[in-house]
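There are 6 protein chains.
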Amino acid sequence: MNEVYITRRETFNSAHRLFNPEWTDEKNMDVFGKCSNPNWHGHNYVLYVTVKGIPNAVTGFVMDLKQLSSIINELILEKVDHKNLNLDVSFMQGIMPTTELFAKAIYHELKDKVKDNGASLHSIRLHETENNFAEYFG
Amino acid sequence: MNEVYITRRETFNSAHRLFNPEWTDEKNMDVFGKCSNPNWHGHNYVLYVTVKGIPNAVTGFVMDLKQLSSIINELILEKVDHKNLNLDVSFMQGIMPTTELFAKAIYHELKDKVKDNGASLHSIRLHETENNFAEYFG
Amino acid sequence: MNEVYITRRETFNSAHRLFNPEWTDEKNMDVFGKCSNPNWHGHNYVLYVTVKGIPNAVTGFVMDLKQLSSIINELILEKVDHKNLNLDVSFMQGIMPTTELFAKAIYHELKDKVKDNGASLHSIRLHETENNFAEYFG
Amino acid sequence: MNEVYITRRETFNSAHRLFNPEWTDEKNMDVFGKCSNPNWHGHNYVLYVTVKGIPNAVTGFVMDLKQLSSIINELILEKVDHKNLNLDVSFMQGIMPTTELFAKAIYHELKDKVKDNGASLHSIRLHETENNFAEYFG
Amino acid sequence: MNEVYITRRETFNSAHRLFNPEWTDEKNMDVFGKCSNPNWHGHNYVLYVTVKGIPNAVTGFVMDLKQLSSIINELILEKVDHKNLNLDVSFMQGIMPTTELFAKAIYHELKDKVKDNGASLHSIRLHETENNFAEYFG
Amino acid sequence: MNEVYITRRETFNSAHRLFNPEWTDEKNMDVFGKCSNPNWHGHNYVLYVTVKGIPNAVTGFVMDLKQLSSIINELILEKVDHKNLNLDVSFMQGIMPTTELFAKAIYHELKDKVKDNGASLHSIRLHETENNFAEYFG
Chain A
1 MNEVYITRRE TFNSAHRLFN PEWTDEKNMD VFGKCSNPNW HGHNYVLYVT VKGIPNAVTG
61 FVMDLKQLSS IINELILEKV DHKNLNLDVS FMQGIMPTTE LFAKAIYHEL KDKVKDNGAS
121 LHSIRLHETE NNFAEYFG
Chain B
1 MNEVYITRRE TFNSAHRLFN PEWTDEKNMD VFGKCSNPNW HGHNYVLYVT VKGIPNAVTG
61 FVMDLKQLSS IINELILEKV DHKNLNLDVS FMQGIMPTTE LFAKAIYHEL KDKVKDNGAS
121 LHSIRLHETE NNFAEYFG
Chain C
1 MNEVYITRRE TFNSAHRLFN PEWTDEKNMD VFGKCSNPNW HGHNYVLYVT VKGIPNAVTG
61 FVMDLKQLSS IINELILEKV DHKNLNLDVS FMQGIMPTTE LFAKAIYHEL KDKVKDNGAS
121 LHSIRLHETE NNFAEYFG
Chain D
1 MNEVYITRRE TFNSAHRLFN PEWTDEKNMD VFGKCSNPNW HGHNYVLYVT VKGIPNAVTG
61 FVMDLKQLSS IINELILEKV DHKNLNLDVS FMQGIMPTTE LFAKAIYHEL KDKVKDNGAS
121 LHSIRLHETE NNFAEYFG
Chain E
1 MNEVYITRRE TFNSAHRLFN PEWTDEKNMD VFGKCSNPNW HGHNYVLYVT VKGIPNAVTG
61 FVMDLKQLSS IINELILEKV DHKNLNLDVS FMQGIMPTTE LFAKAIYHEL KDKVKDNGAS
121 LHSIRLHETE NNFAEYFG
Chain F
1 MNEVYITRRE TFNSAHRLFN PEWTDEKNMD VFGKCSNPNW HGHNYVLYVT VKGIPNAVTG
61 FVMDLKQLSS IINELILEKV DHKNLNLDVS FMQGIMPTTE LFAKAIYHEL KDKVKDNGAS
121 LHSIRLHETE NNFAEYFG
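Residue numbers (the numbering used here), protein chains in the order written: chain A, 1 to 138; chain B, 1 to 138; chain C, 1 to 138; chain D, 1 to 138; chain E, 1 to 138; chain F, 1 to 138.
Honestly, the hints are just simulated from the structure, not real lab data.
Treat the hints with caution; some may be incorrect.
A pair holds if it fits inside one copy or across any two, identical chains being indistinguishable in the list.
When the alpha-carbon atoms are kept at most 27 Å apart in a straight line, the in silico DSSO-like pairs for lysine-lysine are as follows [said to hold, decoys possible]: (1) 27 <-> 111; (2) 66 <-> 27; (3) 34 <-> 79; (4) 66 <-> 115; (5) 66 <-> 34; (6) 52 <-> 111; (7) 111 <-> 66; (8) 115 <-> 34.
Chain A on its own, in the form it takes in the complex:
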């Protein structure tokens, strides 16, 4: 039998700012534009976590999506929802909070715990706005 891919969608809201402290304000504004505004801005992020595996012969589940949701809530949402990505989130310290690097960081936070539950983390898709999203496959 072949692998099946299942995806859980979750949403959360965070503030952030794109800003390199080693640069002047002018250079930050040059590179990051209004994403660099000093008093923060924020987003309703939409997160798609895709795991893959052979469905269990008895339950028909690759992994119980309620369990996957619990893992995402514990390891990601409780740390980022209604928080400031630059100031409040330990796993984002020292990382520029672009959609690209945030998606990658979420991937690495979730990978082991998904494996412990018998599935394999395939990808993270993270929407910052309705027009912009990033995907990371490890």
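Given chain A's structure and the hints, the job is docking chains B, C, D, E and F onto it.
Just chains B, C, D, E and F now, kept in the frame of chain A:
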């Protein structure tokens, strides 16, 4: 020339229940939670069927999407729409109606007929709710 | 100051069937079509509850939407989610579970509790599918 | 001839915090929960501006929607997009940035300029998340 | 008992052009911008038809939505879908095909037939793009 | 470090017609149905452009999405938005404007300019309607 992938979206409504008749009600409730409720529940399923191929030199079609829609209607929707997946659907008999196994079953129902029409079935994506979906690639 | 209207969206999944027990199966099929299929079908319902009022001078809230969500969960979702509208839902007994009458019934279940919390129930909008919805204003 | 209503949708991203400086942090957390977190959070707001009027006999327009979009951009988006509603937005100073009061404030910012352009502002609908929105009709 | 409102969503695709033949090309471009381009452009229109009435005591229907869909298909979609609003649609002859006037024209095409079926036409909402829509209430 | 994929969504509106001038009208109608109607029809196209690469060590960007949006606007949208794909678009001359071939043509228009900006074009996804889309990976 390289292959192009085209996708047709269809929707349907079904009742189902996750339930293992060899288990007690307590064990079913333990494993499947409210998805195991005895009087059924249901979903507006959203189905994405993706086929691939080299576009025809004259028509520019990988496959006529009206034709693909007809095939999906004949082989899938007439059997599952406004039906009970556990009781009414012949191709789901003996199969736990999780999103994973339902997507896989749909893939196998469609594969040959898509091939007969000159394209190749690439994937089935099946959304059970706005937060949960499964994908199968054969 | 004028009233502001606020809306909370919630989702749930139920099975149902349109069926008049005083009619023959043929007449039920004539009137209700496949919505009358004997083994049920189901939907991902989307519910919009709109309340209105003057925002509180200190909090700026017409009503705390977390509180509105709690009320909807207690009075509606716990009774209808993953349930059969014809068989399991006390407030729908003796009522044909069309979108129209279901929306009206939800309105009457919620009205007093919203008032107890200082706002006024304005409307219920209930989507049965992406193409069909009903609204009731009391 | 009767009035026709036309609506323009716009999107923007802001940071905010629900916080009463006259209260202790505990009381703020009690009333506003995680919306009160000190380092801000943010949203992708979706704004619907509805104006009404008799369509012009020659153009068929109630109001040119490109013009309406320009007015919204000038009077609202340039002030709130990628900004902090509590700190950066002059028309929100002294106002708790709930969805209710933010919608009302936007209504009053736009009303006169819409009138100057020959139409009448009917309503503001402001979505803070996919589950929460406010409407104000003046 | 009070009235309930029910809505049917339909979609169609048309070409159109905003153009006043009594004006020069320059004046048309001034007023209508790229909507005036000579070789047409087009849209995926989304149409919401809302009717109201007292639900039937036996069926629970304000009006059978399958019947409403049939009426919309016969009176509107067969005339406008995959057609040119300026050239092909009899009920739009002599009318500038703005969203405003197109919504109003659809209202008048549907009104009597809805009444013949025992309900009352409440409104037409017509989306031209994801950012622009018009509503007409008669 | 592994590659990250980022996607920019853009929308535009065009008219088109599926028509082979070497065929009779009957044969065109046979093969293309109402998509062959002589006076054109049109769509709100939704375009997803996905590029991949290693995020820049300093900015955290695979590629600045504002820059990607500018490139798409310059090379695609200015040529196709509010235009007729058969008559007005130089890069579609001699190409049947099916979703498949239009997606492929957009891919080839964008490929080099994305490379010049330090990323790699991964795929084009082009939605013609809410039910039909095509993808091309080069």
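Which of the listed hints are not met by the structure? Hint 1 alone not satisfied by this model.
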